[in-house]
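*Asks:* Turn these sequences into a full structure, and let the hints guide you.
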Amino acid sequence: MKIVKLILSIVTLTLLSFCSSESEESSKKVKVVSIANSPSEMALLMREMDARLFEIEGEYEKTGVWPELSFEFPLILDQNPTEETMISDVVTSLSPVFADILTDYNLAPSKEGLDRIVQMCLTCHYQSCPGPLVRIEKHIFDADY
Numbered sequence: 002m003k004i005v006k007l008i009l010s011i012v013t014l015t016l017l018s019f020c021s022s023e024s025e026e027s028s029k030k031v032k033v034v035s036i037a038n039s040p041s042e043m044a045l046l047m048r049e050m051d052a053r054l055f056e057i058e059g060e061y062e063k064t065g066v067w068p069e070l071s072f073e074f075p076l077i078l079d080q081n082p083t084e085e086t087m088i089s090d091v092v093t094s095l096s097p098v099f100a101d102i103l104t105d106y107n108l109a110p111s112k113e114g115l116d117r118i119v120q121m122c123l124t125c126h127y128q129s130c131p132g133p134l135v136r137i138e139k140h141i142f143d144a145d146y
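Its first residue numbered 2, the sequence shown is counted upward by one per residue in the numbering used here.
No wet-lab data here; the hints were simulated from the structure.
All values derive from a computational prediction rather than experimental measurement.
Where hints are given, some of them may not hold.
Unchecked claim - Straight-line alpha carbon distances no greater than 27 Å define the calculated DSS-like cross-link-like pairs of lysine-lysine that follow:
no., residue 1, residue 2
1, Lys112, Lys139
2, Lys63, Lys112
3, Lys139, Lys63
As the list claims (entries may be wrong) - Taking CB as the label site, the calculated pair distances span:
no., residue 1, residue 2, range
4, Asp51, Glu113, 17 to 23 Å
5, Thr93, Glu56, 26 to 32 Å
6, Arg136, Asp105, 22 to 28 Å
7, Pro75, Asp116, 20 to 26 Å
8, Gly65, Thr104, 24 to 30 Å
9, Thr64, Ser39, 32 to 38 Å
10, Pro131, Glu42, 17 to 23 Å
11, Gly59, Gly132, 22 to 28 Å
12, Asn38, Leu134, 19 to 25 Å
13, Ser111, Glu85, 20 to 26 Å
14, Pro75, Leu134, 19 to 25 Å
15, Lys63, Gln120, 30 to 36 Å
No residue lacks a Cβ here, since even glycine has one placed at the ideal position from N, Cα and C.
*Replies:* This is the structure:
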């Protein structure tokens, strides 16, 4: 009986030791990703616009009535980019057009106006900075709306 208890104790200690060393190893493998630089003005503006699109869409989905929420943001060209190369000819030429689309939307908020905003975002990002395309495409309304 003592031999069985001794063997069980050894097995238990071995398993506990193994499990504890395994969790230490896995915790050592976790990499923490830190952002060296804070986001640029332009990146922050894009995030704010994305959040506003979700807010407008969410309000419409709740009520079924297009919300009278404005979409007012500063001119994209007036924002400092993450990298100077982001201010391409495409961004330079489309930024004022985007500002006009925002003005039109704010005069008469509508689904069609929001669609124009999203399409202009896609047009610019397809040509200049494709990273956020998947996120922008989430704002395309289904035919049911």
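*Asks:* Taking the hints in turn, state whether each one holds.
*Replies:* Against the structure, the hints:
Note on Lys112 and Lys139: the hinted pairing holds, with a Cα-Cα distance of about 15 Å set against a maximum of 27 Å. Note on Lys63 and Lys112: the hinted pairing holds, with a Cα-Cα distance of about 14 Å set against a maximum of 27 Å. Note on Lys139 and Lys63: the hinted pairing holds, with a Cα-Cα distance of about 18 Å set against a maximum of 27 Å. Remark: the range hint 17 to 23 Å for Asp51 to Glu113 is upheld by a beta-carbon distance near 20 Å.
A hinted range of 26 to 32 Å holds for the C-beta pair Thr93 and Glu56, which are about 29 Å apart. Remark: the range hint 22 to 28 Å for Arg136 to Asp105 is upheld by a beta-carbon distance near 23 Å. Taking the beta carbon of each, Pro75 and Asp116 are about 22 Å apart, inside 20 to 26 Å as hinted. Gly65 and Thr104 have their C-beta atoms about 26 Å apart, which keeps the hinted 24 to 30 Å range intact.
At roughly 36 Å, the beta carbons of Thr64 and Ser39 sit within the given window of 32 to 38 Å. A hinted range of 17 to 23 Å for the beta carbons of Pro131 and Glu42 is consistent with their spacing of about 21 Å. Under the hint 22 to 28 Å, the C-beta atoms of Gly59 and Gly132, about 24 Å apart, fit the expected range. In this structure, Asn38 and Leu134 meet the distance hint of 19 to 25 Å, their C-beta atoms being roughly 23 Å apart.
A hinted range of 20 to 26 Å is violated for the C-beta pair Ser111 and Glu85, which are about 36 Å apart. Separation of Pro75 from Leu134 is about 23 Å and conforms to the stated range, judged on CB atoms against 19 to 25 Å. Between Lys63 and Gln120 the CB atoms are about 24 Å apart, so this pair departs from the stated range of 30 to 36 Å.
Of the numbered hints given earlier, the model fails hints 13 and 15; all others are met.
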